[in-house]
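Residue numbers (the UniProt record's numbering), protein chains in the order written: chain A, 1 to 500; chain B, 1 to 500.
If you are wondering where the hints come from, they were derived from the structure by calculation, not from laboratory data.
Predicted model, so just to flag it, every value in this text is computed and none were measured.
Wrong hints could be hidden among the right ones.
Any copy, or any two copies together, can satisfy a pair, since identical chains are not distinguished.
Stated by the list, open to error - Quick list of in silico lysine to aspartate or glutamate cross-link-like pairs, EDC-like style, CA-CA up to 16 Å:
| no. | residue 1 | residue 2 |
| --- | --- | --- |
| 1 | Lys82 | Asp56 |
| 2 | Lys26 | Asp261 |
| 3 | Lys385 | Asp256 |
| 4 | Lys21 | Glu447 |
| 5 | Lys480 | Asp48 |
| 6 | Lys430 | Glu411 |
| 7 | Lys480 | Asp34 |
| 8 | Lys21 | Asp34 |
| 9 | Lys239 | Asp115 |
| 10 | Lys422 | Asp115 |
| 11 | Lys193 | Glu278 |
| 12 | Lys66 | Asp48 |
| 13 | Lys480 | Asp89 |
| 14 | Lys273 | Glu367 |
| 15 | Lys385 | Glu429 |
| 16 | Lys239 | Asp462 |
| 17 | Lys274 | Glu411 |
| 18 | Lys7 | Asp186 |
| 19 | Lys500 | Glu192 |
| 20 | Lys415 | Glu93 |
2 protein chains.
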Amino acid sequence: MTLPLAKDFSHLFSDETNARKPSPLKTCIHLFQDPNIIFLGGGLPLSDYFPWDNVDADTPAPPFTKGIGYPITDLSTDSISKLTIHKNDKPHEGDIPLARSLQYGFSQGQPELLDFLREHTKLIHDIKYQDWDIIATAGNTNAWESTLRVFCNRGDVILAEAHSFSSCLAAAQAQGITTFPIPIDDNGIIPEKLEKILDNWTPGAPKPKLLYTIPTGQNPTGTSLPAHRMEEIYRIAQKHDFLIVEDAPYYFLQMDKYVKDVNERTALRSQVKKQTHEEFLKALDKTFLSCDNDGRVIRLDSFSKVLAPGTRLGWITGCKSILKSFVSLHEMTIQAPSGMIQSFVSGTLHRWGQNGYLDWLQGLRHEYTLKRDNAIDALHEFLPKSDAFVINPPIAGMFFTVNIDASAHPEFKTKYESDPAKVENAIYEKVIQYGVLIVPGAWFITEGETNPPQPAESKQVDNPNEIFFRGTYAAVSAEKLREGLKRLGECLYEEFQIAK
Amino acid sequence: MTLPLAKDFSHLFSDETNARKPSPLKTCIHLFQDPNIIFLGGGLPLSDYFPWDNVDADTPAPPFTKGIGYPITDLSTDSISKLTIHKNDKPHEGDIPLARSLQYGFSQGQPELLDFLREHTKLIHDIKYQDWDIIATAGNTNAWESTLRVFCNRGDVILAEAHSFSSCLAAAQAQGITTFPIPIDDNGIIPEKLEKILDNWTPGAPKPKLLYTIPTGQNPTGTSLPAHRMEEIYRIAQKHDFLIVEDAPYYFLQMDKYVKDVNERTALRSQVKKQTHEEFLKALDKTFLSCDNDGRVIRLDSFSKVLAPGTRLGWITGCKSILKSFVSLHEMTIQAPSGMIQSFVSGTLHRWGQNGYLDWLQGLRHEYTLKRDNAIDALHEFLPKSDAFVINPPIAGMFFTVNIDASAHPEFKTKYESDPAKVENAIYEKVIQYGVLIVPGAWFITEGETNPPQPAESKQVDNPNEIFFRGTYAAVSAEKLREGLKRLGECLYEEFQIAK
């Protein structure tokens, strides 16, 4: 079956994208690689002057039997996959020689890296149109900011989950773009509410161009969007002609449901650990990319959570006509992700192979499942046993949340003047005094115009006194995590004057 | 003597900068390093999962006696400075362990790298105010685009040399910013003309916020701005309250004057090669940064031409209050330059030391001087000997230009309808057929509003039929360069129907 071509979304481009003329110098840089042309066209220094060669690194080798977090320096030689990067030659097929990765050019990303990622994409997603592709990025923060530049003008509106990643919201707000909150529940965006909002959109008001969403392991709520909701939301995107920006940094941090009973859990975990690659792939969440017939999904992937944040390396998957505008913007901004890390990542991934990379991702899943289990166990152990404290075990991502009924605070009406936000801030500060940092939910509120006709739809108001905190089990070891949550519990017992 | 503090330039900030709220998550990330706090605040993965350790690389060792371009693989062990980067420890003082460089944080850049660059800055510049600092960037292309975002709104005006780097002009134009051309001659910007333009600026029209300039080794003209002009331009910037953006990628590619006589030249070159560091430093061009009492200079430096373009690593020097706005923007865009390359560059530079780095820069100067000499020699040898062809030997940078009187073309009035632009384009295409790529001057024209009162001031009109081409001696070896310029000469003989 021949897949259809992507639709044309150029009517959604920003004034900036429409005005952007390609730098004429970029029109000839490909001739640098042409053996028949002596290239006196651009300021490309000779690679003779690049001061590095014979770059060696130790990387763990698949199937990572000791676990992906086992100290590399303690691995035996046969568990190490030696990475070697040369300046001029290419001893392994996925290698990007430094003479190329450290040179100008290849704004889309180095071919070896893109090849690996295209193959990976085919394993994970089932894209339903022909002309999709991949470009390398400097990570999702930059990719999202670029997405705003590519599509939005001042005064435009975008949609986002009612609680979302504050840095991404702040980027939009600084650009004069309104972030319109979409109601969410324990399973993420509520399609019916989204549709109602858009069906009743104020006539004449600018319609939203983008939906920014973190469907898997949402930040901050830790929820994941079920497949049927995804399909519904995609249908609404088609109906109201907006693009879906699927921010997917946590996609491979999917876990099994939290099981409180330790015996039952142990049995389940060991079963999951033995999953084949096929079983692993089959169990992964559906993606918006796999719903996409039109080319209206822009998926942002990142190595930040999968390899390391400081790689500042990620990729966008989308239709070619849209990606072209991103590359034109990149030519005037980052030019390309840093070449050294492209050589490292491509060299590592090609040595591991697609299967080895799946081993790594399964290993990562295992680690985060243990971390999540530890966190939720500790929360159950240390938090006050009261209906005022609700623990939300996530099934993906790095974050758990604890909801708190602020009105249960003994000084709610007096000291805090019945204002839950004041309780929230007081707890945040008090918890730091106990030597723990967790983040108040208020930091993640999607603020913006709540389109007049349906203000009630755009806020979660089940309990107006409910506040929440986001914590992570990612950043510290199991022991420290436990200690931190113990301190959190002590602080809450004290603050809410609950007897142990 | 106590230096003054920088002035306040916040009145020049863009709407975007004024609206930018720091992401609240960034306000607490420093607590990640606090030993008393258990950090459950942000999605920072454990460095245990970063898949690289024991990174080794061969780098040449100062004083680079065999030349900076000598193949690293052919160097003897004592001419190699072995770079080793560990995940967790720091065997050498300038090392940035991978556990830190590959983690989130340090948006300003890694401290070890910044320390080295601050020391380097003090060697090169004589900044005349107290509160300057440095931030790391993802290279000058990105730094310039960020500068536009920090200061300019749609409809704003900036100043630039009448011929300038097309990518930088294109970035401004896409943002709806007008690029106003300033007349230049063989020594760069003509201060009198700049002042006249500003003194007669249309009342009520938006005044320029920035001057974008490449004072040393200007692109495309290859000119360098003399110190007295720099001081004059700085005074005009104070008078008309604009900032000077000093784009300095070619700063260390300064050369001695081209000397046609080979004996005289050889003597001179060997003398320069023996320069002490003090002599080298003293001979360097003055910089706008060294004129700066107010903090109105934003200097963009890059490792692209000095180490390698694919590092995508550079730095901005300026006053702290302005740099703060860049860091806030970076937190929503690149976050920080890629960590792996920060570890490589910092490790390399600290092993070399400040003196070793000066050795490298002197070596680079030597290489580019030879390359420039080769190019100009070949142009004299191969270009038609006619007043219609003028060779301009540069004293800095990567580029030479050849001016051509288009009216000397035998078909100027007929085939080309007396339009020099048509001749220029025809030559560009013809030269490619001869197997050489050089770039037409038209690609570098600063186009924009020529503020009505003084249109004549803003164009170079000494000879309206004069066109030029920019070539580089950077990108190819000496033999290829010679062959390329030979082909160029053959093409021009043929095209202009000149008998050899």
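Results of checking the hints against the structure:
1. Lys82 - Asp56: both (7 Å within a copy, 11 Å between copies)
2. Lys26 - Asp261: neither (60 Å within a copy, 37 Å between copies)
3. Lys385 - Asp256: So Lys385 and Asp256 fail the 16 Å test inside a copy (25 Å) and across (79 Å) alike.
4. Lys21 - Glu447: between (34 Å within a copy, 13 Å between copies)
5. Lys480 - Asp48: between (48 Å within a copy, 15 Å between copies)
6. Lys430 - Glu411: within (15 Å within a copy, 84 Å between copies)
7. Lys480 - Asp34: between (56 Å within a copy, 13 Å between copies)
8. Lys21 - Asp34: Result: close neither inside a copy nor across copies, 24 Å intra and 47 Å inter.
9. Lys239 - Asp115: neither (34 Å within a copy, 55 Å between copies)
10. Lys422 - Asp115: neither (52 Å within a copy, 41 Å between copies)
11. Lys193 - Glu278: Cα proximity of Lys193 and Glu278: none, with 36 Å in one copy and 71 Å across.
12. Lys66 - Asp48: between (41 Å within a copy, 12 Å between copies)
13. Lys480 - Asp89: Classified as neither; 45 Å inside a copy, 21 Å across copies.
14. Lys273 - Glu367: within (10 Å within a copy, 58 Å between copies)
15. Lys385 - Glu429: Answer is neither: 22 Å inside a copy and 79 Å across each miss the 16 Å cutoff.
16. Lys239 - Asp462: neither (29 Å within a copy, 60 Å between copies)
17. Lys274 - Glu411: neither (51 Å within a copy, 78 Å between copies)
18. Lys7 - Asp186: neither (33 Å within a copy, 51 Å between copies)
19. Lys500 - Glu192: neither (43 Å within a copy, 81 Å between copies)
20. Lys415 - Glu93: neither (67 Å within a copy, 51 Å between copies)
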